[in-house]
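*Asks:* Let the sequences and hints guide you as you build the complete structure.
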Amino acid sequence: MKWTRTVLRMANKEPTSVALDATGRSQDSVQLEFKEQLRALELRMGNLVTTAQWTDMLHNAHDRAFTVAGAMKADLLADLVASIDQRLKRHDGGLEGFRKDFDRIVEKHGWAYNGERNWRTRTIYKTNMLTSYASGRLAQLKNPKLTAVAPWWTYRHNDNVIHPRPHHYKWGQIQLTLPHDHPFWATHYPPNGWGCHCYVTAKRKPPAGADTVPPAGWDDVDDKTGAPPGIDKGWGYQPGMSVVDELQGFVDKKVEGLPPGLGSALKDDKGVINKRDSLGGLDDCDDSVNFADDGQSCLATAGGQNRWDKMGLQDLRDLKERLAIDSPELLKAGSDQVEALDILRSALNIKAFESRQLVTPVRDILIHDWTLSHIVEKRQDARERYALFIEPTLTSPLEVWRTEYADGEYREQFIKLFKGRYDLLAIVRINTDGSLLWNVMQRKTKGMNSRRIGELIWKGY
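Sequential numbering from 4 applies to the sequence shown in this note's numbering.
Hints in this document: simulated from the structure, not taken from any laboratory. Among the clues, some could well be false.
Computed spacing ranges between beta-carbons, pair by pair [stated by the list, open to error]:
no.: 1; residue 1: Q176; residue 2: E99; range: 32 to 40 Å
no.: 2; residue 1: G212; residue 2: L322; range: 39 to 47 Å
no.: 3; residue 1: S453; residue 2: D223; range: 49 to 57 Å
no.: 4; residue 1: P182; residue 2: S399; range: 43 to 51 Å
no.: 5; residue 1: P232; residue 2: M314; range: 53 to 61 Å
no.: 6; residue 1: R120; residue 2: P147; range: 14 to 22 Å
no.: 7; residue 1: K422; residue 2: A219; range: 53 to 61 Å
no.: 8; residue 1: K227; residue 2: D339; range: 54 to 62 Å
no.: 9; residue 1: D318; residue 2: R125; range: 47 to 55 Å
no.: 10; residue 1: I177; residue 2: R424; range: 25 to 33 Å
no.: 11; residue 1: I165; residue 2: N352; range: 14 to 22 Å
no.: 12; residue 1: G220; residue 2: H166; range: 19 to 27 Å
Virtual Cβ for every residue (Gly too), placed ideally from N, Cα, C.
*Replies:* Written as C-alpha coordinates, this is what we have:
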(Lines of atoms letter the chains of each structure in order from A and count residues from 1; the text may use other names and numbers.)
(Lines give C-alpha, C1' and ligand atoms only; values in the text may rest on other atoms or scores of the structure.)
Protein backbone atom coordinates (compact mmCIF):
# COMPACT_ATOMS: atom_id res chain seq x y z
CA MET A 1 0.00 0.00 0.00
CA LYS A 2 1.18 3.56 -0.53
CA TRP A 3 -0.27 6.89 0.31
CA THR A 4 -0.57 9.42 -2.49
CA ARG A 5 -1.54 13.05 -2.65
CA THR A 6 -2.54 15.07 -5.64
CA VAL A 7 -1.69 18.71 -6.09
CA LEU A 8 -4.97 20.38 -6.94
CA ARG A 9 -3.81 23.97 -6.63
CA MET A 10 -2.48 25.22 -9.97
CA ALA A 11 -0.98 28.59 -10.87
CA ASN A 12 -4.11 29.77 -12.70
CA LYS A 13 -6.90 29.77 -10.11
CA GLU A 14 -9.61 30.68 -12.59
CA PRO A 15 -8.91 28.68 -15.76
CA THR A 16 -10.86 29.65 -18.84
CA SER A 17 -9.98 26.60 -20.94
CA VAL A 18 -8.68 23.07 -20.62
CA ALA A 19 -5.96 21.41 -22.70
CA LEU A 20 -6.72 17.76 -23.50
CA ASP A 21 -4.30 15.39 -25.18
CA ALA A 22 -5.24 12.78 -27.79
CA THR A 23 -6.60 10.41 -25.14
CA GLY A 24 -8.75 13.05 -23.50
CA ARG A 25 -6.43 13.27 -20.47
CA SER A 26 -5.67 16.75 -19.16
CA GLN A 27 -2.15 17.84 -20.05
CA ASP A 28 -1.94 19.57 -16.67
CA SER A 29 -2.80 16.44 -14.66
CA VAL A 30 -0.10 15.75 -12.07
CA GLN A 31 0.29 12.98 -9.49
CA LEU A 32 2.94 13.09 -6.79
CA GLU A 33 4.01 10.53 -4.21
CA PHE A 34 3.75 11.29 -0.50
CA LYS A 35 7.39 12.40 -0.58
CA GLU A 36 7.63 13.13 3.13
CA GLN A 37 6.79 9.51 3.92
CA LEU A 38 9.25 8.22 1.34
CA ARG A 39 11.98 10.45 2.76
CA ALA A 40 11.21 9.31 6.31
CA LEU A 41 11.76 5.71 5.23
CA GLU A 42 14.88 6.63 3.24
CA LEU A 43 16.44 8.27 6.31
CA ARG A 44 16.02 4.99 8.17
CA MET A 45 17.22 2.83 5.27
CA GLY A 46 20.68 4.40 5.50
CA ASN A 47 21.13 3.27 9.11
CA LEU A 48 20.37 -0.42 9.68
CA VAL A 49 20.65 -1.36 13.37
CA THR A 50 20.70 -4.97 14.53
CA THR A 51 18.87 -5.70 17.81
CA ALA A 52 18.22 -8.77 19.91
CA GLN A 53 14.85 -7.51 21.18
CA TRP A 54 12.53 -4.62 20.35
CA THR A 55 13.34 -2.72 23.58
CA ASP A 56 16.97 -2.34 22.49
CA MET A 57 16.02 0.79 20.52
CA LEU A 58 13.18 3.12 21.48
CA HIS A 59 11.53 6.44 20.62
CA ASN A 60 13.20 8.90 18.22
CA ALA A 61 16.11 6.55 17.57
CA HIS A 62 13.73 5.00 15.02
CA ASP A 63 13.61 8.28 13.06
CA ARG A 64 17.09 7.60 11.66
CA ALA A 65 17.41 3.84 12.04
CA PHE A 66 15.60 0.80 10.66
CA THR A 67 15.43 -2.24 12.89
CA VAL A 68 13.46 -5.46 13.29
CA ALA A 69 13.53 -7.04 16.73
CA GLY A 70 15.67 -10.15 16.77
CA ALA A 71 17.29 -9.43 13.40
CA MET A 72 20.99 -9.62 14.16
CA LYS A 73 22.41 -9.42 10.61
CA ALA A 74 22.69 -6.17 8.66
CA ASP A 75 22.17 -7.90 5.30
CA LEU A 76 18.94 -9.44 6.63
CA LEU A 77 17.72 -5.97 7.61
CA ALA A 78 18.76 -4.61 4.22
CA ASP A 79 16.60 -7.17 2.43
CA LEU A 80 13.61 -6.51 4.70
CA VAL A 81 13.74 -2.73 4.35
CA ALA A 82 14.23 -3.03 0.57
CA SER A 83 11.02 -5.05 0.37
CA ILE A 84 9.07 -2.48 2.38
CA ASP A 85 10.54 0.32 0.29
CA GLN A 86 9.39 -1.41 -2.90
CA ARG A 87 5.83 -1.80 -1.57
CA LEU A 88 5.72 1.87 -0.62
CA LYS A 89 7.22 3.39 -3.77
CA ARG A 90 5.71 1.10 -6.40
CA HIS A 91 2.46 0.00 -4.75
CA ASP A 92 3.75 -3.48 -5.47
CA GLY A 93 1.94 -6.29 -3.68
CA GLY A 94 1.25 -4.69 -0.30
CA LEU A 95 1.31 -6.94 2.75
CA GLU A 96 0.96 -10.16 0.74
CA GLY A 97 3.86 -9.13 -1.47
CA PHE A 98 5.97 -8.42 1.61
CA ARG A 99 5.06 -11.83 3.04
CA LYS A 100 6.36 -13.57 -0.07
CA ASP A 101 9.60 -11.60 0.19
CA PHE A 102 9.75 -12.36 3.92
CA ASP A 103 9.62 -16.12 3.32
CA ARG A 104 12.41 -15.86 0.76
CA ILE A 105 14.54 -13.59 2.97
CA VAL A 106 14.11 -15.80 6.05
CA GLU A 107 15.17 -18.87 4.09
CA LYS A 108 18.10 -17.02 2.53
CA HIS A 109 19.51 -15.86 5.87
CA GLY A 110 18.37 -18.76 8.04
CA TRP A 111 16.62 -16.44 10.50
CA ALA A 112 14.82 -18.25 13.33
CA TYR A 113 12.39 -15.47 14.21
CA ASN A 114 9.95 -15.43 17.11
CA GLY A 115 6.18 -15.51 16.65
CA GLU A 116 3.71 -16.87 14.12
CA ARG A 117 4.52 -15.98 10.52
CA ASN A 118 1.38 -13.97 9.62
CA TRP A 119 1.46 -12.06 12.90
CA ARG A 120 5.18 -11.36 12.57
CA THR A 121 4.98 -10.11 8.99
CA ARG A 122 1.94 -7.97 9.69
CA THR A 123 3.68 -6.38 12.68
CA ILE A 124 6.84 -5.56 10.72
CA TYR A 125 5.01 -4.29 7.65
CA LYS A 126 2.25 -2.29 9.33
CA THR A 127 4.51 -0.76 11.98
CA ASN A 128 7.00 0.54 9.43
CA MET A 129 4.27 1.79 7.09
CA LEU A 130 2.38 3.57 9.86
CA THR A 131 5.40 5.14 11.54
CA SER A 132 6.95 6.36 8.28
CA TYR A 133 3.54 7.77 7.32
CA ALA A 134 3.25 9.45 10.73
CA SER A 135 6.74 10.92 10.32
CA GLY A 136 5.93 12.37 6.92
CA ARG A 137 2.55 13.58 8.13
CA LEU A 138 4.19 15.34 11.08
CA ALA A 139 6.50 17.18 8.68
CA GLN A 140 3.42 18.44 6.86
CA LEU A 141 1.51 19.38 10.02
CA LYS A 142 4.53 21.26 11.42
CA ASN A 143 4.94 23.30 8.24
CA PRO A 144 5.01 26.92 9.51
CA LYS A 145 2.67 28.01 6.73
CA LEU A 146 0.05 25.57 7.97
CA THR A 147 0.49 26.22 11.68
CA ALA A 148 0.04 29.93 10.96
CA VAL A 149 -3.49 29.36 9.64
CA ALA A 150 -4.41 26.08 11.40
CA PRO A 151 -2.64 26.11 14.78
CA TRP A 152 -4.90 23.54 16.46
CA TRP A 153 -4.55 19.75 16.27
CA THR A 154 -7.46 17.36 16.86
CA TYR A 155 -6.93 13.76 17.96
CA ARG A 156 -8.91 11.39 15.72
CA HIS A 157 -9.66 7.77 16.54
CA ASN A 158 -10.16 5.28 13.70
CA ASP A 159 -13.48 3.68 14.62
CA ASN A 160 -12.91 0.82 12.15
CA VAL A 161 -10.60 -1.01 14.57
CA ILE A 162 -12.06 -4.19 16.04
CA HIS A 163 -10.63 -3.76 19.55
CA PRO A 164 -10.29 -0.03 20.27
CA ARG A 165 -8.04 1.08 23.09
CA PRO A 166 -10.19 2.82 25.73
CA HIS A 167 -7.91 5.86 26.07
CA HIS A 168 -7.58 6.35 22.31
CA TYR A 169 -11.33 5.95 21.85
CA LYS A 170 -12.04 8.53 24.55
CA TRP A 171 -9.62 11.09 23.09
CA GLY A 172 -11.39 10.71 19.76
CA GLN A 173 -14.89 10.88 21.25
CA ILE A 174 -14.18 14.14 23.10
CA GLN A 175 -12.49 15.54 19.95
CA LEU A 176 -9.46 16.45 22.03
CA THR A 177 -8.12 19.60 20.37
CA LEU A 178 -4.94 21.30 21.57
CA PRO A 179 -2.41 23.81 20.16
CA HIS A 180 0.09 22.11 17.86
CA ASP A 181 2.93 22.90 20.27
CA HIS A 182 1.18 21.61 23.41
CA PRO A 183 3.39 19.19 25.41
CA PHE A 184 0.66 16.56 25.04
CA TRP A 185 1.68 15.91 21.45
CA ALA A 186 5.30 15.18 22.39
CA THR A 187 4.14 11.88 23.91
CA HIS A 188 0.67 11.33 22.43
CA TYR A 189 1.13 12.00 18.71
CA PRO A 190 -0.16 8.82 17.03
CA PRO A 191 0.41 6.01 16.39
CA ASN A 192 0.43 5.31 20.12
CA GLY A 193 0.93 1.58 20.11
CA TRP A 194 1.17 -1.59 18.06
CA GLY A 195 -1.53 -1.50 15.38
CA CYS A 196 -2.80 1.95 16.40
CA HIS A 197 -4.55 3.70 13.48
CA CYS A 198 -5.28 7.02 15.18
CA TYR A 199 -4.29 10.24 13.43
CA VAL A 200 -4.22 14.03 13.85
CA THR A 201 -5.93 16.74 11.81
CA ALA A 202 -5.06 20.42 11.63
CA LYS A 203 -7.79 22.90 12.53
CA ARG A 204 -8.19 26.63 12.20
CA LYS A 205 -10.14 26.59 15.47
CA PRO A 206 -11.42 23.91 17.85
CA PRO A 207 -14.56 22.13 16.57
CA ALA A 208 -17.81 22.87 18.38
CA GLY A 209 -18.01 20.85 21.59
CA ALA A 210 -14.37 19.75 21.48
CA ASP A 211 -12.36 19.41 24.69
CA THR A 212 -9.44 21.85 24.67
CA VAL A 213 -7.83 20.65 27.90
CA PRO A 214 -6.19 17.22 28.11
CA PRO A 215 -7.72 14.73 30.57
CA ALA A 216 -6.42 14.79 34.13
CA GLY A 217 -3.39 12.57 34.57
CA TRP A 218 -2.42 12.59 30.90
CA ASP A 219 1.25 13.19 31.79
CA ASP A 220 1.44 10.57 34.54
CA VAL A 221 3.84 7.68 33.98
CA ASP A 222 2.65 4.07 34.12
CA ASP A 223 5.18 2.08 36.16
CA LYS A 224 4.72 -0.98 33.94
CA THR A 225 5.31 0.72 30.60
CA GLY A 226 7.30 3.83 31.49
CA ALA A 227 4.85 5.74 29.27
CA PRO A 228 1.73 7.85 29.93
CA PRO A 229 -1.60 6.04 30.40
CA GLY A 230 -2.95 4.69 27.12
CA ILE A 231 0.46 4.68 25.40
CA ASP A 232 2.19 1.37 24.68
CA LYS A 233 5.71 0.85 25.93
CA GLY A 234 8.18 2.52 23.58
CA TRP A 235 5.52 4.60 21.79
CA GLY A 236 5.50 7.80 23.87
CA TYR A 237 7.14 10.04 21.26
CA GLN A 238 6.46 11.89 18.00
CA PRO A 239 7.59 9.69 15.08
CA GLY A 240 9.83 11.84 12.89
CA MET A 241 10.08 14.85 15.19
CA SER A 242 13.87 14.70 15.28
CA VAL A 243 14.05 14.97 11.46
CA VAL A 244 11.00 17.13 10.69
CA ASP A 245 13.06 20.04 9.31
CA GLU A 246 15.02 17.68 7.08
CA LEU A 247 11.80 16.19 5.70
CA GLN A 248 10.39 19.64 4.91
CA GLY A 249 13.65 20.62 3.22
CA PHE A 250 13.54 17.46 1.13
CA VAL A 251 10.16 18.41 -0.32
CA ASP A 252 11.33 21.97 -1.03
CA LYS A 253 14.30 20.65 -3.01
CA LYS A 254 12.12 18.24 -4.97
CA VAL A 255 9.84 20.98 -6.26
CA GLU A 256 12.67 23.21 -7.51
CA GLY A 257 12.74 21.33 -10.81
CA LEU A 258 9.02 21.71 -11.46
CA PRO A 259 7.45 24.49 -13.55
CA PRO A 260 7.37 27.74 -11.52
CA GLY A 261 3.59 27.84 -11.11
CA LEU A 262 3.32 24.26 -9.93
CA GLY A 263 6.43 24.52 -7.76
CA SER A 264 5.03 27.47 -5.86
CA ALA A 265 1.70 25.68 -5.53
CA LEU A 266 3.43 22.71 -3.93
CA LYS A 267 5.14 24.93 -1.37
CA ASP A 268 1.89 26.69 -0.55
CA ASP A 269 0.30 25.32 2.60
CA LYS A 270 -2.99 24.44 0.92
CA GLY A 271 -1.25 22.64 -1.94
CA VAL A 272 1.24 20.56 0.01
CA ILE A 273 -0.72 19.57 3.10
CA ASN A 274 -2.52 16.25 2.83
CA LYS A 275 -4.80 16.99 5.75
CA ARG A 276 -8.21 15.51 6.42
CA ASP A 277 -10.53 18.46 5.82
CA SER A 278 -13.11 18.72 8.59
CA LEU A 279 -15.64 19.77 5.95
CA GLY A 280 -14.66 17.04 3.51
CA GLY A 281 -17.61 14.77 4.19
CA LEU A 282 -20.24 17.38 3.46
CA ASP A 283 -22.45 17.80 0.44
CA ASP A 284 -22.11 20.87 -1.71
CA CYS A 285 -24.45 23.78 -1.09
CA ASP A 286 -27.26 22.87 -3.45
CA ASP A 287 -30.68 21.27 -3.14
CA SER A 288 -29.44 18.60 -0.69
CA VAL A 289 -27.69 20.46 2.09
CA ASN A 290 -25.72 19.06 5.00
CA PHE A 291 -24.08 21.32 7.51
CA ALA A 292 -20.53 22.08 8.51
CA ASP A 293 -18.95 21.68 11.94
CA ASP A 294 -20.52 24.91 13.11
CA GLY A 295 -24.00 23.64 12.19
CA GLN A 296 -24.67 26.73 10.11
CA SER A 297 -23.07 26.34 6.68
CA CYS A 298 -22.65 23.75 3.95
CA LEU A 299 -19.55 23.34 1.80
CA ALA A 300 -19.83 26.10 -0.81
CA THR A 301 -17.86 26.43 -4.03
CA ALA A 302 -15.72 29.52 -4.59
CA GLY A 303 -17.02 32.25 -6.86
CA GLY A 304 -15.58 33.44 -10.15
CA GLN A 305 -15.02 29.98 -11.66
CA ASN A 306 -15.77 28.85 -15.18
CA ARG A 307 -19.12 27.12 -15.77
CA TRP A 308 -20.36 24.43 -18.12
CA ASP A 309 -22.78 26.73 -19.99
CA LYS A 310 -20.08 29.37 -20.50
CA MET A 311 -17.93 26.69 -22.13
CA GLY A 312 -20.56 25.66 -24.66
CA LEU A 313 -21.25 22.26 -23.09
CA GLN A 314 -24.62 20.53 -23.41
CA ASP A 315 -27.08 20.26 -20.55
CA LEU A 316 -26.68 16.87 -18.85
CA ARG A 317 -30.40 16.21 -19.24
CA ASP A 318 -29.98 16.39 -23.01
CA LEU A 319 -27.24 13.74 -23.01
CA LYS A 320 -29.40 10.97 -21.55
CA GLU A 321 -30.15 8.79 -24.59
CA ARG A 322 -26.63 8.81 -26.01
CA LEU A 323 -24.41 8.67 -22.93
CA ALA A 324 -26.28 7.12 -20.00
CA ILE A 325 -25.39 3.52 -19.07
CA ASP A 326 -27.53 0.90 -17.31
CA SER A 327 -27.80 1.48 -13.57
CA PRO A 328 -26.18 -1.09 -11.26
CA GLU A 329 -28.09 -2.70 -8.42
CA LEU A 330 -29.32 -0.44 -5.65
CA LEU A 331 -28.11 -2.07 -2.41
CA LYS A 332 -30.04 -2.39 0.82
CA ALA A 333 -29.42 0.13 3.59
CA GLY A 334 -27.47 -1.07 6.61
CA SER A 335 -29.33 -1.41 9.90
CA ASP A 336 -26.54 0.50 11.65
CA GLN A 337 -23.19 2.09 10.87
CA VAL A 338 -21.26 -1.17 11.30
CA GLU A 339 -23.43 -3.05 8.79
CA ALA A 340 -23.38 -0.07 6.43
CA LEU A 341 -19.58 -0.09 6.47
CA ASP A 342 -19.52 -3.83 5.70
CA ILE A 343 -21.87 -3.26 2.74
CA LEU A 344 -19.60 -0.48 1.51
CA ARG A 345 -16.45 -2.58 1.82
CA SER A 346 -18.03 -5.49 -0.04
CA ALA A 347 -19.29 -3.31 -2.89
CA LEU A 348 -15.94 -1.56 -3.29
CA ASN A 349 -13.98 -4.81 -2.81
CA ILE A 350 -11.87 -3.36 0.01
CA LYS A 351 -10.78 -5.35 3.06
CA ALA A 352 -10.58 -3.85 6.54
CA PHE A 353 -7.45 -1.70 7.00
CA GLU A 354 -6.43 -2.20 3.37
CA SER A 355 -6.53 -0.04 0.24
CA ARG A 356 -7.55 -0.56 -3.37
CA GLN A 357 -6.15 1.16 -6.44
CA LEU A 358 -8.43 2.32 -9.26
CA VAL A 359 -7.30 3.64 -12.62
CA THR A 360 -9.20 6.75 -13.70
CA PRO A 361 -8.79 8.79 -16.89
CA VAL A 362 -6.99 11.57 -15.01
CA ARG A 363 -4.85 9.61 -12.54
CA ASP A 364 -4.65 6.48 -10.45
CA ILE A 365 -6.32 6.79 -7.06
CA LEU A 366 -6.21 4.77 -3.87
CA ILE A 367 -9.39 4.17 -1.89
CA HIS A 368 -8.41 3.61 1.74
CA ASP A 369 -10.62 1.60 4.06
CA TRP A 370 -10.02 4.01 6.94
CA THR A 371 -11.59 6.87 4.96
CA LEU A 372 -14.91 5.04 4.42
CA SER A 373 -16.47 5.30 7.87
CA HIS A 374 -17.30 9.01 7.51
CA ILE A 375 -19.43 8.20 4.45
CA VAL A 376 -21.93 6.16 6.45
CA GLU A 377 -21.94 8.25 9.63
CA LYS A 378 -25.15 10.07 8.67
CA ARG A 379 -27.56 7.17 8.68
CA GLN A 380 -30.42 9.16 7.19
CA ASP A 381 -28.42 9.41 3.94
CA ALA A 382 -27.71 5.64 3.69
CA ARG A 383 -25.02 6.29 1.07
CA GLU A 384 -24.01 2.63 1.07
CA ARG A 385 -27.09 1.92 -1.11
CA TYR A 386 -25.33 3.57 -4.06
CA ALA A 387 -21.90 2.00 -3.56
CA LEU A 388 -22.02 0.08 -6.88
CA PHE A 389 -22.26 3.38 -8.74
CA ILE A 390 -18.84 4.48 -7.51
CA GLU A 391 -16.38 2.36 -9.49
CA PRO A 392 -17.93 3.00 -12.96
CA THR A 393 -18.15 6.70 -12.16
CA LEU A 394 -14.47 6.84 -11.25
CA THR A 395 -13.09 4.55 -13.97
CA SER A 396 -15.23 5.72 -16.92
CA PRO A 397 -16.64 9.14 -16.06
CA LEU A 398 -18.57 11.37 -18.41
CA GLU A 399 -16.66 14.39 -17.13
CA VAL A 400 -14.12 15.21 -14.42
CA TRP A 401 -13.98 18.71 -12.95
CA ARG A 402 -11.41 20.33 -10.67
CA THR A 403 -13.44 22.70 -8.50
CA GLU A 404 -12.32 25.27 -5.94
CA TYR A 405 -14.24 25.53 -2.67
CA ALA A 406 -14.74 28.35 -0.20
CA ASP A 407 -12.15 26.87 2.18
CA GLY A 408 -9.46 27.44 -0.48
CA GLU A 409 -9.10 23.77 -1.40
CA TYR A 410 -9.57 22.15 -4.81
CA ARG A 411 -11.52 18.91 -5.17
CA GLU A 412 -12.02 16.64 -8.18
CA GLN A 413 -15.59 15.73 -9.14
CA PHE A 414 -16.37 12.73 -11.38
CA ILE A 415 -19.73 12.80 -13.19
CA LYS A 416 -21.61 9.84 -14.73
CA LEU A 417 -25.14 9.32 -16.14
CA PHE A 418 -27.19 6.16 -15.48
CA LYS A 419 -30.51 4.87 -16.82
CA GLY A 420 -32.97 2.22 -15.66
CA ARG A 421 -35.95 2.24 -13.34
CA TYR A 422 -34.75 5.66 -12.31
CA ASP A 423 -32.65 7.99 -14.46
CA LEU A 424 -29.80 8.94 -12.17
CA LEU A 425 -26.79 11.22 -12.06
CA ALA A 426 -23.82 10.09 -9.95
CA ILE A 427 -21.19 12.52 -8.74
CA VAL A 428 -18.13 11.28 -6.85
CA ARG A 429 -15.97 13.89 -5.16
CA ILE A 430 -12.37 13.22 -4.12
CA ASN A 431 -11.53 15.28 -1.05
CA THR A 432 -8.17 16.78 -0.19
CA ASP A 433 -7.26 13.81 2.03
CA GLY A 434 -8.13 11.22 -0.63
CA SER A 435 -11.48 10.30 0.92
CA LEU A 436 -14.61 10.07 -1.22
CA LEU A 437 -18.05 11.61 -1.07
CA TRP A 438 -20.82 10.78 -3.49
CA ASN A 439 -24.30 11.91 -4.36
CA VAL A 440 -26.73 10.08 -6.62
CA MET A 441 -29.75 12.11 -7.74
CA GLN A 442 -32.62 11.82 -10.20
CA ARG A 443 -31.67 13.56 -13.42
CA LYS A 444 -34.76 15.75 -13.38
CA THR A 445 -33.30 17.58 -10.40
CA LYS A 446 -33.18 21.23 -11.35
CA GLY A 447 -29.66 21.81 -10.12
CA MET A 448 -28.02 18.75 -11.67
CA ASN A 449 -25.56 20.87 -13.70
CA SER A 450 -24.46 22.84 -10.64
CA ARG A 451 -21.40 20.60 -10.08
CA ARG A 452 -20.00 21.37 -13.55
CA ILE A 453 -17.91 24.29 -12.39
CA GLY A 454 -14.18 25.04 -12.37
CA GLU A 455 -11.66 23.38 -14.68
CA LEU A 456 -12.80 20.55 -16.96
CA ILE A 457 -9.90 18.08 -16.84
CA TRP A 458 -11.62 15.14 -18.56
CA LYS A 459 -14.33 14.88 -21.18
CA GLY A 460 -15.29 11.33 -22.17
CA TYR A 461 -17.58 12.06 -25.12
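*Asks:* Does each hint fit the structure? Answer for all of them.
*Replies:* Evaluation of the provided hints:
{"no.": "1", "hint": "Q176 <-> E99: 32 to 40 Å", "result": "holds (34 Å)"}
{"no.": "2", "hint": "G212 <-> L322: 39 to 47 Å", "result": "holds (44 Å)"}
{"no.": "3", "hint": "S453 <-> D223: 49 to 57 Å", "result": "holds (53 Å)"}
{"no.": "4", "hint": "P182 <-> S399: 43 to 51 Å", "result": "holds (46 Å)"}
{"no.": "5", "hint": "P232 <-> M314: 53 to 61 Å", "result": "holds (58 Å)"}
{"no.": "6", "hint": "R120 <-> P147: 14 to 22 Å", "result": "violated (45 Å)"}
{"no.": "7", "hint": "K422 <-> A219: 53 to 61 Å", "result": "holds (59 Å)"}
{"no.": "8", "hint": "K227 <-> D339: 54 to 62 Å", "result": "violated (36 Å)"}
{"no.": "9", "hint": "D318 <-> R125: 47 to 55 Å", "result": "holds (51 Å)"}
{"no.": "10", "hint": "I177 <-> R424: 25 to 33 Å", "result": "violated (45 Å)"}
{"no.": "11", "hint": "I165 <-> N352: 14 to 22 Å", "result": "holds (20 Å)"}
{"no.": "12", "hint": "G220 <-> H166: 19 to 27 Å", "result": "holds (23 Å)"}
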